[in-house]
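Trainee: From first to last, the protein sequence lines are chains A and B. To convert a position in the first sequence, counted from 1, into my numbering, add 1. To convert a position in the second sequence, counted from 1, into my numbering, add 28.
Hints were generated in silico from the structure; no laboratory data involved. For glycine and all other residues, C-beta sits at the position ideal for the given N, C-alpha and C. The reader is advised that the hints may include incorrect statements.
Said to hold, decoys possible - From chain B, some residues computed to sit far from chain A (all C-beta separations above 10 Å):
| id | residue |
| --- | --- |
| 1 | Gly-90 |
| 2 | Arg-96 |
| 3 | Trp-101 |
| 4 | Gln-104 |
| 5 | Arg-111 |
| 6 | Ile-161 |
Said to hold, decoys possible - Part of the chain B face toward chain A, derived, beta carbon under 10 Å:
| id | residue |
| --- | --- |
| 7 | Arg-54 |
| 8 | Leu-61 |
| 9 | Gly-66 |
| 10 | Ala-80 |
| 11 | Phe-82 |
| 12 | Leu-94 |
| 13 | Phe-98 |
| 14 | Gly-176 |
| 15 | Tyr-179 |
| 16 | Leu-186 |
| 17 | Glu-187 |
| 18 | Ile-188 |
| 19 | Gly-191 |
| 20 | Val-193 |
| 21 | Ala-194 |
| 22 | Leu-204 |
Claimed, not checked - The calculated label-pair distances, taken between Cβ atoms and stated as ranges, are:
| id | chain 1 | residue 1 | chain 2 | residue 2 | range |
| --- | --- | --- | --- | --- | --- |
| 23 | B | Pro-189 | A | Ser-86 | 44 to 54 Å |
| 24 | B | Thr-192 | A | Leu-119 | 54 to 64 Å |
| 25 | B | Ala-88 | A | Leu-119 | 33 to 43 Å |
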Amino acid sequence: MSERVTHEELMRYLDGEVGPEERRRIEASMEESTEMRRDLVVFRTMKDDLQGLNLATGQGNGSVWDAVNRQLTRPVGWVLVVIGSLLWAAYGIYAYLTSPHFFLEKVATGAVAIGILLLLASVIWDRYREWLVDPYRDLQR
Amino acid sequence: MGPEVERELIRKCKTGDSRFYEPLVRAYEQPGLRLALGMLGNLEDAKDALQAAFVRAFQALGRFDLRRPFGPWFFQILRNQCRDMLRSRKARFQLEALDERLELRPASREDGPERYQEKGQARRLLWEALERIGEEHREIIILKELQGLRYGEIAAVLEIPEGTVASRLYHARRALKEALEDMGAEYP
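Make a model of the complete structure from these sequences and hints.
Mentor: See below:
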């Protein structure tokens, strides 16, 4: 009487992961087991049908390359823009502070600039807090 | 794409030049999309995951061992991306109707109209049953049947010993069969 085929061996046989000798041994063992043969038929049919699920191939699904490329190159652009802007801002502040303008003029301009920045920061902060508790934030618009 | 060409492209990408990444993306996007779609269940999330995985893979190329094949390494990243998405609020396995969006390769017309219809119905049921089984079962079935990976490759993607693949596949197929039976399907 042949050795019983394990479930793992049955899977390897079904998936073509056995050598010729093991294959012969499994086939001989299965001759004696109706249950194994039935399992094999079920799994093989399922396998064929699963392989027939030809999902999302080709037509209608454009390449993701453009989106990937944008994501790979965009951070470099942002870094350059931020560094450049900071350098310009620092130079502008330095040039303004060391300029021969009247002191009161500098204080007034500085107050307006700081006020605008504070208002902007508070609006951004409010929007961020709203976004955190927004139940619809994952919905695509 | 041959392994030598692939290695050369990766070597160039490792210098940070993303132009050489395009052929790799184009070569792996269809199998990648199949994996992501199988894991996430709908095309929009699958594309998001695929895109994010390609970006992650490019950023991790510095640590990539050139002696290894790119495919299983990339699928491992993609699988982790899909799992992250499933765990976050961004996505859950949402079954997409098998209508205009997903293609089904029809059974051979030579089988006759009845068998043709039967096959189509069986595949619809399978797709629905995939939603019902656990994530771990689903991913190994997709890697084997939809991706057509060998046991060694599946082991590399799932980071499990090769000897465990057969046993996990058995349990996954058994779970799928039970899900089909629960749906009232006689299989085969």
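Trainee: For each hint, tell me whether it holds in the structure or not.
Mentor: Structure-based check of each hint:
no., hint, in the structure
1, Gly-90, "14 Å, holds"
2, Arg-96, "21 Å, holds"
3, Trp-101, "17 Å, holds"
4, Gln-104, "18 Å, holds"
5, Arg-111, "17 Å, holds"
6, Ile-161, "12 Å, holds"
7, Arg-54, "6 Å, holds"
8, Leu-61, "5 Å, holds"
9, Gly-66, "7 Å, holds"
10, Ala-80, "8 Å, holds"
11, Phe-82, "5 Å, holds"
12, Leu-94, "20 Å, violated"
13, Phe-98, "15 Å, violated"
14, Gly-176, "8 Å, holds"
15, Tyr-179, "5 Å, holds"
16, Leu-186, "15 Å, violated"
17, Glu-187, "19 Å, violated"
18, Ile-188, "13 Å, violated"
19, Gly-191, "8 Å, holds"
20, Val-193, "8 Å, holds"
21, Ala-194, "4 Å, holds"
22, Leu-204, "7 Å, holds"
23, B:Pro-189 x A:Ser-86: 44 to 54 Å, "53 Å, holds"
24, B:Thr-192 x A:Leu-119: 54 to 64 Å, "59 Å, holds"
25, B:Ala-88 x A:Leu-119: 33 to 43 Å, "40 Å, holds"
Hints 12, 13, 16, 17, 18 from the list above are not met by this structure, while the remaining hints are.
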